[in-house]
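Numbered according to this note's numbering, the sequence shown terminates at residue 607, and the numbering increases by one at each position without gaps.
It should be emphasised that the hints constitute simulated quantities derived from the structure, not laboratory data.
Treat each hint with caution, since some may be false.
Computed beta-carbon distance windows for the label pairs [said to hold, decoys possible]:
| id | residue 1 | residue 2 | range |
| --- | --- | --- | --- |
| 1 | Glu140 | Ser83 | 48 to 54 Å |
| 2 | Glu566 | Leu462 | 48 to 54 Å |
| 3 | Ile298 | Ser83 | 38 to 44 Å |
Straight-line distance between alpha carbons at most 20 Å, and here's what the computed DMTMM-like set of lysine to aspartate or glutamate pairs gives [to be verified]:
| id | residue 1 | residue 2 |
| --- | --- | --- |
| 4 | Lys574 | Glu558 |
| 5 | Lys390 | Glu573 |
| 6 | Lys281 | Asp455 |
| 7 | Lys84 | Glu48 |
| 8 | Lys551 | Glu398 |
| 9 | Lys33 | Glu80 |
| 10 | Lys256 | Glu272 |
| 11 | Lys115 | Glu263 |
| 12 | Lys328 | Asp386 |
| 13 | Lys297 | Glu487 |
| 14 | Lys574 | Asp456 |
| 15 | Lys447 | Glu487 |
| 16 | Lys328 | Glu272 |
| 17 | Lys105 | Asp60 |
| 18 | Lys297 | Asp365 |
| 19 | Lys551 | Asp393 |
| 20 | Lys510 | Glu536 |
| 21 | Lys348 | Asp386 |
| 22 | Lys256 | Asp393 |
| 23 | Lys115 | Glu140 |
| 24 | Lys281 | Glu607 |
| 25 | Lys281 | Asp365 |
| 26 | Lys256 | Asp300 |
| 27 | Lys256 | Asp594 |
For glycine and all other residues, C-beta sits at the position ideal for the given N, C-alpha and C.
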Amino acid sequence: MFRQSIRQVARQSSNIVRRGYATETSTGSDALKLSLALPHQTLYSESEVQQVNLPSINGDLGILANHIPIVEQLRPGLLEIISKGGETEQYFVSGGIATVQPGNKLTISAIEAFKPDQFDASAVKQLIADAQKRAGSSDEVVVAEANIELEVLEALQVIIHYSNISHFFLSFGSYLRLSRILLFPSSLIFPSFLFPPRLPPPPTLGTLIGPGAISRFGIITGFFQCECGAIAVYKVGVLIHFFTNMTPNPSLVLNKVNDITFETLEAPTLSEPNEVMVEVKKTGICGSDIHYYSHGKIGDFVLTQPMVLGHESAGVVTAVGPKVTSLKVGDRVAIEPGVPSRFSDEYKSGHYQLCPHIVFAATPDPKHGSPSPPGTLCKYYKSPEDFLVKLPDCVSLELGAMVEPLSVGVHGCKQAKVTFGDVVVVFGGGPVGLLAAAAATKFGAAKVMVVDVIDDKLKMALEVGVATHTFNSKSGGADDLVKELGERPDVVIECTGAEVCINLGIESLKMGGRFSQVGNATRPVSFPIVAFSSRELTLYGSFRYGYNDYKTSVAILEHNYRNGRENAAIDFEKLITHRFKFEDAKKAYDYIRDGNVAVKVIIDGPE
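Start from the sequences, fold in the hints, and give me the full structure.
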């Protein structure tokens, strides 16, 4: 049989030959400077310790100060750290690279590290039982998967069984027999716990590892591809899924300015009878996400703690509470990311977006030190039933992720009371501006002009069908705009927050016109109050979206696509200019932050 029994594993463990602990090669400092880094956090950063015992693939190895420079590949096992005071701390690591450098520096890059008491013995036992059933399958691939799982699980079960785990170093080397798990002619399959992300594998293995990994039940999910020593993909850590009683929730986390990392957090659980669990499938990047990434704050909303990014998302329902009546498992939904207090006057009056107690995804709490509400760039996200809108069959999940910014435009148009026959000018050719123009068009505006300084954005407005006219504000002032439009507009929807656009919009409006301010200014602006009052203009503030705006947006998309994309009046899908896989999400954020031109960027949910 491919797999070993627990007894065989235990017998092997008793015969392990331990390499002798290192002795000092020269006089010097008696402190070792340890750095221990995981993909999502740093456990030690040049911290002074007395000794570190490593589970090396070449045998257990003790590192003291003044050790000769070496590079060791780690196997799954116990990493033991002895402080200068003699205290011992232990971690179970699934693999990694340890490097001893001159200057008494020991750097360990590991995929995962858990305290031994974090493992759930009953969960391991159940997983073993499940794997044993699948090992009897007639499917060759299923059997191969099950055997790999059994090797790992049974070995770990032995470790858990030993009460004095600190003296038990177990080699998992025998569980990976390449000749037994060669599922593809040109691919060797390795789980992620063999090599860490961010560091190349040993040169002798650099050309061996090719693509290909099968996970029937999503258990062995930590695979990545190495070609010529470069790591291409890093996904979910297997130990989290195997050996703890938490459901892993791969997430993209903003730790601080210019610091984004992938983390595997604990998935939320349904705690209220009206809650719904959603597996996030598509997420758009908002300008506010980029602002937090680059500056760490927007006004009073200051990032003080790590925060899961994302709030423009759509997904599939995976679980519902007992009192949920309008949704069922399998429904595709758009997620409204702001949930207010049910007791606030703002909520009761239908203006819940103004509730001071609203919890808005990926938006730091303005109270310093309060945890930031999690965003939607993760695998699982829970929401109250009434803050999810079911998507009709003709509306894709990508379009579902665009419901959020479309709702911003819808709210701006509703605030300005855009109606049939109005002439509307929208300032800003970004996603919100173009979607505000789309909303104005669907509300029955006779003319819609989009104003921007980038010709490609103006071209896009015409191509997708959201504008009848465009104007590059670099080419002239209010008189030129009015001349191009043919008349003064009834309504201006300002989506930039730029002082020059605000002033140009007010100068362009007809007597008694309506002005809706959607865009946020980064600093105080000069406002033409005399022109505003003498012409009896009406100013409307517009903040996010409110009652029924999400449903209105979904209705707009349904009406637009009910006869297919080829017959749609507005090609919303053309606004999606870039698409990224979840593992490339950081690249997506960097792409926009670095000033590259993009309208709407969509990121896939974690696999």
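Hints and how they fare:
Taking 48 to 54 Å as the suggested C-beta distance range, the pair Glu140 and Ser83 conforms, at roughly 49 Å. Look at Glu566 against Leu462: about 19 Å separates their beta carbons, and that is not inside 48 to 54 Å. Between Ile298 and Ser83 the CB atoms are about 42 Å apart, so this pair conforms to the stated range of 38 to 44 Å. In summary, the hint linking Lys574 to Glu558 is supported, as the alpha carbons are separated by about 16 Å, within the 20 Å threshold.
Restraint check for Lys390 and Glu573: the C-alpha separation of about 19 Å stays at or below 20 Å, so the hint holds. Between Lys281 and Asp455, the direct Cα distance comes to roughly 32 Å. Violation of the 20 Å bound is thereby established for this hinted pair. Using a Cα cut-off of 20 Å, the hinted pair Lys84 and Glu48 holds, with the two alpha carbons roughly 7 Å apart. In summary, the hint linking Lys551 to Glu398 is supported, as the alpha carbons are separated by about 16 Å, within the 20 Å threshold.
For the proposed pair Lys33 and Glu80, the alpha carbon gap of about 14 Å is at most 20 Å, so the pair holds. Of the supplied pair hints, the one linking Lys256 and Glu272 is violated, its CA atoms being roughly 32 Å apart against a limit of 20 Å. With a CA separation close to 18 Å, the supplied pair Lys115 and Glu263 stays within the 20 Å bound. Taken as a hint, the Lys328 and Asp386 pair is honoured in the structure, with Cα atoms around 13 Å apart against an allowance of 20 Å.
About 40 Å separates the Cα atoms of Lys297 and Glu487, which puts this hinted pair outside 20 Å; it is violated. With a CA separation close to 13 Å, the supplied pair Lys574 and Asp456 stays within the 20 Å bound. For the given pair, Lys447 sits about 10 Å from Glu487 by alpha-carbon distance, which is consistent with the 20 Å threshold. Between the alpha carbons of Lys328 and Glu272 the distance comes to roughly 16 Å, so the proposed pair stays at or under 20 Å and holds.
The suggested pairing of Lys105 with Asp60 holds, with an alpha-carbon distance near 19 Å, which does not exceed 20 Å. Between the alpha carbons of Lys297 and Asp365 the distance comes to roughly 11 Å, so the proposed pair stays at or under 20 Å and holds. With a C-alpha separation of about 15 Å, the suggested pair Lys551 and Asp393 falls inside the 20 Å cut-off, and the hint holds. Only pairs whose Cα atoms come within 20 Å are accepted, and Lys510 paired with Glu536 is accepted, the gap being roughly 10 Å.
A hinted pair counts as satisfied when its Cα atoms are at most 20 Å apart, and Lys348 with Asp386 qualifies at roughly 15 Å. Proximity of Lys256 to Asp393 is assessed by CA-CA distance (about 39 Å); at most 20 Å being required, the pair is judged violated. For the hint linking Lys115 to Glu140, the alpha-carbon distance of about 35 Å lies beyond 20 Å, and the restraint is violated. Taking the CA atoms of Lys281 and Glu607, the gap is near 9 Å; set against the 20 Å cutoff, the hint holds.
This hinted pair does not check out: Lys281 and Asp365 have alpha carbons roughly 26 Å apart, beyond 20 Å. With a C-alpha separation of about 16 Å, the suggested pairing of Lys256 with Asp300 holds against the 20 Å cut-off. Taking the CA atoms of Lys256 and Asp594, the gap is about 17 Å. The hint holds against a cut of 20 Å.
Checked against the numbered hints given earlier, this structure breaks hints 2, 6, 10, 13, 22, 23, 25; the rest are met.
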